[in-house]
Amino acid sequence: MAEAKMPLWEVFIRSRTGLAHRHVGSVHAADAEMALQAARDTYTRRGEGLSIWVVPSAAITASDPAEKGPLFEPTASKIYRHPSFYEIPEEVGHM
Amino acid sequence: MTTIHLEETPHLTYVLRLADSALVLSHRLSEWCGHAPMLEEDLALTNIALDLLGQARLLYEHAAALEGHGRSEDDLAYLRDAPQFKNLLICELPRGDFAFTVVRQTLVSAFFHPFWQLARSSTDRTLVAIAEKAEKEVAYHLRHAGAWLVRLGDGTEESRRRTLEALDTLWPYTGELFEVDEVGEAMIEAGIGPDPASIRPVFEDTLDRLFAEADLPRPAPTWMQTGGLRGVHTEHLGHMLAVMQHLPRAYPGARW
Chain X
0 MAEAKMPLWE
10 VFIRSRTGLA
20 HRHVGSVHAA
30 DAEMALQAAR
40 DTYTRRGEGL
50 SIWVVPSAAI
60 TASDPAEKGP
70 LFEPTASKIY
80 RHPSFYEIPE
90 EVGHM
Chain E
0 MTTIHLEETP
10 HLTYVLRLAD
20 SALVLSHRLS
30 EWCGHAPMLE
40 EDLALTNIAL
50 DLLGQARLLY
60 EHAAALEGHG
70 RSEDDLAYLR
80 DAPQFKNLLI
90 CELPRGDFAF
100 TVVRQTLVSA
110 FFHPFWQLAR
120 SSTDRTLVAI
130 AEKAEKEVAY
140 HLRHAGAWLV
150 RLGDGTEESR
160 RRTLEALDTL
170 WPYTGELFEV
180 DEVGEAMIEA
190 GIGPDPASIR
200 PVFEDTLDRL
210 FAEADLPRPA
220 PTWMQTGGLR
230 GVHTEHLGHM
240 LAVMQHLPRA
250 YPGARW
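So the sequence lines, in the order shown, correspond to chains X and E.
Number 94 marks the last residue of the first sequence (numbering that gives the first Met the number 0); no jumps.
Number 255 marks the last residue of the second sequence (numbering that gives the first Met the number 0); no jumps.
Just so you know, the hints here were simulated from the structure itself, not pulled from any lab data.
Ideal Cβ placement from N, Cα and C applies to all residues, glycine included.
Mixed in with the good hints, there may be bad ones.
Pairwise CB distance ranges (calculated) [stated by the list, open to error]:
#	chain 1	residue 1	chain 2	residue 2	range
1	X	His81	E	Asp214	55 to 63 Å
2	E	His34	X	Arg15	54 to 62 Å
3	X	Gly46	E	Asp214	36 to 44 Å
4	E	Glu184	X	Val54	51 to 59 Å
Some chain X residues close to chain E (C-beta under 7 Å, calculated; not the full set) [what the hints assert, rightly or not]:
#	residue
5	Gln36
6	Ala37
7	Asp40
8	Thr41
9	Leu70
10	Glu72
11	Thr74
Here are the simulated SDA-like pairs of lysine to any residue, each with C-alpha atoms no more than 20 Å apart in a straight line [to be verified]:
#	chain 1	residue 1	chain 2	residue 2
12	E	Lys135	E	Asp153
13	E	Lys135	X	Pro64
14	E	Lys132	X	Gly48
15	X	Lys4	E	Ser121
16	E	Lys135	X	Ser50
17	X	Lys4	E	Lys132
18	E	Lys132	E	Leu38
19	X	Lys4	E	Asp50
Assemble the whole structure, with the sequences as input and the hints as a guide.
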């Protein structure tokens with residue numbers, strides 16, 4: 000009952016211009032406008048934010064933790080995908 | 000710790016009124032800490048309380064400087080008795096239920112948002128600096144309280160009933176927002192304080208918009224309460240000050 004009237008929303012905050020929004024947590028709110036205000040009051044208390052996104056938690060499709068074997072283990076043997084095997088020429092500088 | 004007595008000029012009285020209203024309303028909001036209907040709202044209400052406390056501090060500091068007797072913001076907040084407080088009566092009423100708090104915050108913010116906007120062109124430079132900060136804060140208070148007013152007014156049968164009851168109780172306290180006595184006249188004359196008459200149309204527009212969205216009737220004109228600006232208070236302020244002032248009076252100079 001309470002859950003239906005006050006559904007959960009996932010909160011994403013962009014801390015600085017140019018950075019991507021990052022998931023910071025969740026809030027309960029009756030609708031999108033109130034979710035935005037709750038997110039502002041809960042997660043930007045110390046000057047963290049320049050922009051807020053809220054998304055109904057129910058709108059998120061999540062992977063099944065039971066499937067982590069087939070989903071993620073095959074990459075463990077593909078270490079050549081990491082960029083650590085390349086030598087970066089001096090002229091490029093810091094990447 | 001003994002009560003202090005200030006030598007009041009119209010300018011000092013005017014700044015004290017603003018400071019007292021901010022402090023008293025801040026304290027009423029802080030009473031929700033740990034008691035709000037949900038965690039998110041607990042944080043929202045205490046955020047608003049802290050904004051108002053910040054405004055009160057700056058205003059008391061300004062008042063202390065105007066008096067020029069080396070007193071601190073704490074002296075002014077904690078060492079004056081109820082009859083010396085000059086806050087608006089609407090600020091001191093007990094916090095009531097959540098609907099009461101929402102209606103009060105909407106009414107007070109609908110006045111103080113245009114008030115601080117206009118105060119940005121005051122001839123008092125310190126007041127201008129305070130207004131720059133307060134205007135943004137109160138804009139959010141109005142947005143937050145207004146959003147709740149719409150949802151409670153146009154929500155369930157119970158939320159609507161409670162909102163209407165709160166409105167009935169609070170409306171007679173809105174007259175004081177626009178009261179101009181000899182102190183107010185002197186401040187308007189000196190260009191220090193905005194004329195409440197120029198705030199009225201903005202206040203009315205804000206309420207028209209919110210009440211229409213909340214499907215609430217505009218309260219009928221009625222007899223208006225008065226007294227707070229002159230230090231004549233409801234029985235509630237003394238009890239509130241007893242709680243708020245107990246510690247600094249019992250342990251003068253106490254620090255964290």
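Checked hints:
1. X:His81 to E:Asp214: 55 to 63 Å: holds, 60 Å
2. E:His34 to X:Arg15: 54 to 62 Å: At roughly 36 Å between Cβ atoms, arginine 15 of chain X and histidine 34 of chain E fall outside 54 to 62 Å, so the hint is violated.
3. X:Gly46 to E:Asp214: 36 to 44 Å: The hinted range 36 to 44 Å holds for glycine 46 of chain X and aspartate 214 of chain E, with Cβ atoms some 37 Å apart.
4. E:Glu184 to X:Val54: 51 to 59 Å: Cβ of glutamate 184 of chain E to Cβ of valine 54 of chain X: about 53 Å, so the range 51 to 59 Å holds.
5. Gln36: With Cβ-Cβ at 6 Å, under 7 Å, it holds.
6. Ala37: holds, 4 Å
7. Asp40: holds, 4 Å
8. Thr41: holds, 5 Å
9. Leu70: violated, 34 Å
10. Glu72: violated, 38 Å
11. Thr74: Check failed: Cβ of threonine 74 of chain X comes no nearer than 38 Å to chain E, outside 7 Å.
12. E:Lys135 to E:Asp153: Distance of about 27 Å is beyond 20 Å: violated.
13. E:Lys135 to X:Pro64: violated, 45 Å
14. E:Lys132 to X:Gly48: holds, 18 Å
15. X:Lys4 to E:Ser121: Violated. Lysine 4 of chain X to serine 121 of chain E sits at ~46 Å, over the 20 Å cutoff.
16. E:Lys135 to X:Ser50: holds, 17 Å
17. X:Lys4 to E:Lys132: Violated: lysine 4 of chain X and lysine 132 of chain E sit about 35 Å apart, past 20 Å.
18. E:Lys132 to E:Leu38: Violated, because 27 Å separates the two Cα atoms, which is more than 20 Å.
19. X:Lys4 to E:Asp50: violated, 29 Å
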